[in-house]
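Asker: As given, the protein sequences belong to chains A and B, one line each in that order. Residues 1 to 135 in this note's numbering are what the first sequence lists, from first letter to last. Residues 1001 to 1090 in this note's numbering are what the second sequence lists, from first letter to last.
Heads up, some of the hints might be wrong.
Below, computed lysine to aspartate or glutamate pairings styled on DMTMM-like, alpha-carbon distance capped at 20 Å [unchecked claim]:
#1 K51(A) x E74(A)
#2 K51(A) x D99(A)
#3 K1048(B) x D1062(B)
#4 K1019(B) x E21(A)
#5 K1043(B) x E1030(B)
#6 K1048(B) x E1030(B)
#7 K1048(B) x E1072(B)
#8 K51(A) x D1079(B)
#9 K1019(B) x D1062(B)
#10 K1019(B) x D1079(B)
#11 K1019(B) x D103(A)
#12 K1048(B) x D1036(B)
#13 K1043(B) x E1072(B)
#14 K1048(B) x D1033(B)
#15 K51(A) x E1072(B)
#16 K1043(B) x E1022(B)
#17 K1019(B) x D1036(B)
#18 K1019(B) x D89(A)
#19 K1019(B) x E1049(B)
#20 K1048(B) x D112(A)
#21 K1019(B) x D57(A)
#22 K51(A) x D1064(B)
#23 K1048(B) x D1064(B)
#24 K1043(B) x D1033(B)
#25 K1019(B) x E117(A)
#26 K1043(B) x D1064(B)
#27 K1043(B) x D112(A)
#28 K51(A) x D1062(B)
Hints listed in this document are in silico derivations from the structure and should not be mistaken for laboratory results.
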Amino acid sequence: MVAHARRDHPDEACGVIAGAEGSDRPERFIPMLNAARSPTFYEFDSADLLKLYREMDANDEVPVVVYHSHTATEAYPSRTDVSYASEPDAHYVLVSTRDPDTDEVRSFRIVDGEIAEEPVEIVPEYEPSANVLPE
Amino acid sequence: MAVTVSIPTILRTHTGGEKTVEASGTTLSEVIDNLDANHGGIKARLVKEGTLHRFVNVYVNDEDVRFAGGLEAAVSDGDNVTILPAVAGG
């Protein structure tokens, strides 16, 4: 996510990390095109959005993480972010690229217009799921 | 004219948790009215002042209705109508 955000700077970058429905585990990183190509706004292209959701549906996945970058401000949801937020089960991850030397990554739930920050834990890999037996 | 409508997570409170529901109509507007008759309150989440809310994308089969007449987009028997929240922000 940070690499994508750095690459697209000074425009905002966006994407999702999909995971199995109900797992709350982000596993499949899907960078998306910012159709707005703007330093202050992002929007998934409408055809890409349909394709993405069809693909996730076919895989029984949901967008566990929805991420985007802020290019000049802190990694905190803007009013516009809150007004558009419509995945109550998603973790909204914000990356700020305002400082080239400092990575800022924060995660939030946005439900019914309320922002709740949550801790981000970075792990080298996930433990195998409890319901998947090792071979 | 029966169509299948895919409902996004955020609107499933109106459909008792169902991901897809059946509806009827010959235009998107009629389909939404028919949806609202069976799933009260859903129209207000989709339509504002006579046009589609900017926070939602609606597709008839693969086509975004914004490019196909909006609420007046034609719908045929067996079509799939997909409702998705726009993923956007600032």
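Asker: Decide, hint by hint, whether the structure agrees.
Answerer: Against the structure, the hints:
Simply put, K51(A) and E74(A) have alpha-carbon atoms about 31 Å apart, too far for the 20 Å limit, and the pair is violated. Distance restraint check for K51(A) and D99(A): the Cα-Cα separation of roughly 34 Å exceeds the 20 Å cut-off, and the hinted pair is therefore not satisfied. Proposed proximity of K1048(B) and D1062(B) is contradicted: the alpha carbons are some 23 Å apart, above 20 Å. Only pairs whose Cα atoms come within 20 Å are accepted, and K1019(B) paired with E21(A) is accepted, the gap being roughly 13 Å.
For a cut-off of 20 Å, the pair hint linking K1043(B) to E1030(B) stands: about 11 Å separates their Cα positions. Taking the CA atoms of K1048(B) and E1030(B), the gap is near 15 Å; set against the 20 Å cutoff, the hint holds. Among the hinted pairs, K1048(B) with E1072(B) is consistent with the structure: their alpha-carbon atoms are about 15 Å apart, no more than 20 Å. Taking the CA atoms of K51(A) and D1079(B), the gap is near 17 Å; set against the 20 Å cutoff, the hint holds.
The hinted pair formed by K1019(B) and D1062(B) meets the criterion: a straight-line CA distance of about 18 Å does not exceed 20 Å. Between K1019(B) and D1079(B) the alpha-carbon distance is near 16 Å, which keeps this suggested pair within the 20 Å criterion. For a cut-off of 20 Å, the pair hint linking K1019(B) to D103(A) is broken: about 38 Å separates their Cα positions. At roughly 14 Å between alpha-carbon atoms, K1048(B) and D1036(B) fall within 20 Å of each other, so this suggested pair holds.
Taken as a hint, the K1043(B) and E1072(B) pair is honoured in the structure, with Cα atoms around 15 Å apart against an allowance of 20 Å. At roughly 13 Å between alpha-carbon atoms, K1048(B) and D1033(B) fall within 20 Å of each other, so this suggested pair holds. For the proposed pair K51(A) and E1072(B), the alpha carbon gap of about 24 Å is over 20 Å, so the pair is violated. Pair hint K1043(B) plus E1022(B) holds up; C-alpha atoms about 15 Å apart against a cutoff of 20 Å.
Using a Cα cut-off of 20 Å, the hinted pair K1019(B) and D1036(B) holds, with the two alpha carbons roughly 15 Å apart. As the CA atoms of K1019(B) and D89(A) are separated by approximately 15 Å, the hinted pair is consistent with the 20 Å bound. In summary, the hint linking K1019(B) to E1049(B) is not supported, as the alpha carbons are separated by about 26 Å, beyond the 20 Å threshold. About 18 Å separates the Cα atoms of K1048(B) and D112(A), which keeps this hinted pair within 20 Å; it holds.
Taking the CA atoms of K1019(B) and D57(A), the gap is about 10 Å. The hint holds against a cut of 20 Å. With a CA separation close to 12 Å, the supplied pair K51(A) and D1064(B) stays within the 20 Å bound. In summary, the hint linking K1048(B) to D1064(B) is supported, as the alpha carbons are separated by about 18 Å, within the 20 Å threshold. In summary, the hint linking K1043(B) to D1033(B) is supported, as the alpha carbons are separated by about 7 Å, within the 20 Å threshold.
Taking the CA atoms of K1019(B) and E117(A), the gap is about 29 Å. The hint is violated against a cut of 20 Å. Proximity of K1043(B) to D1064(B) is assessed by CA-CA distance (about 18 Å); at most 20 Å being required, the pair is judged to hold. Between K1043(B) and D112(A) the CA atoms are separated by roughly 18 Å; this keeps the pair inside 20 Å, and the hint holds. Using a Cα cut-off of 20 Å, the hinted pair K51(A) and D1062(B) holds, with the two alpha carbons roughly 9 Å apart.
When each numbered hint is compared with the structure, violations occur for hints 1, 2, 3, 11, 15, 19, 25.
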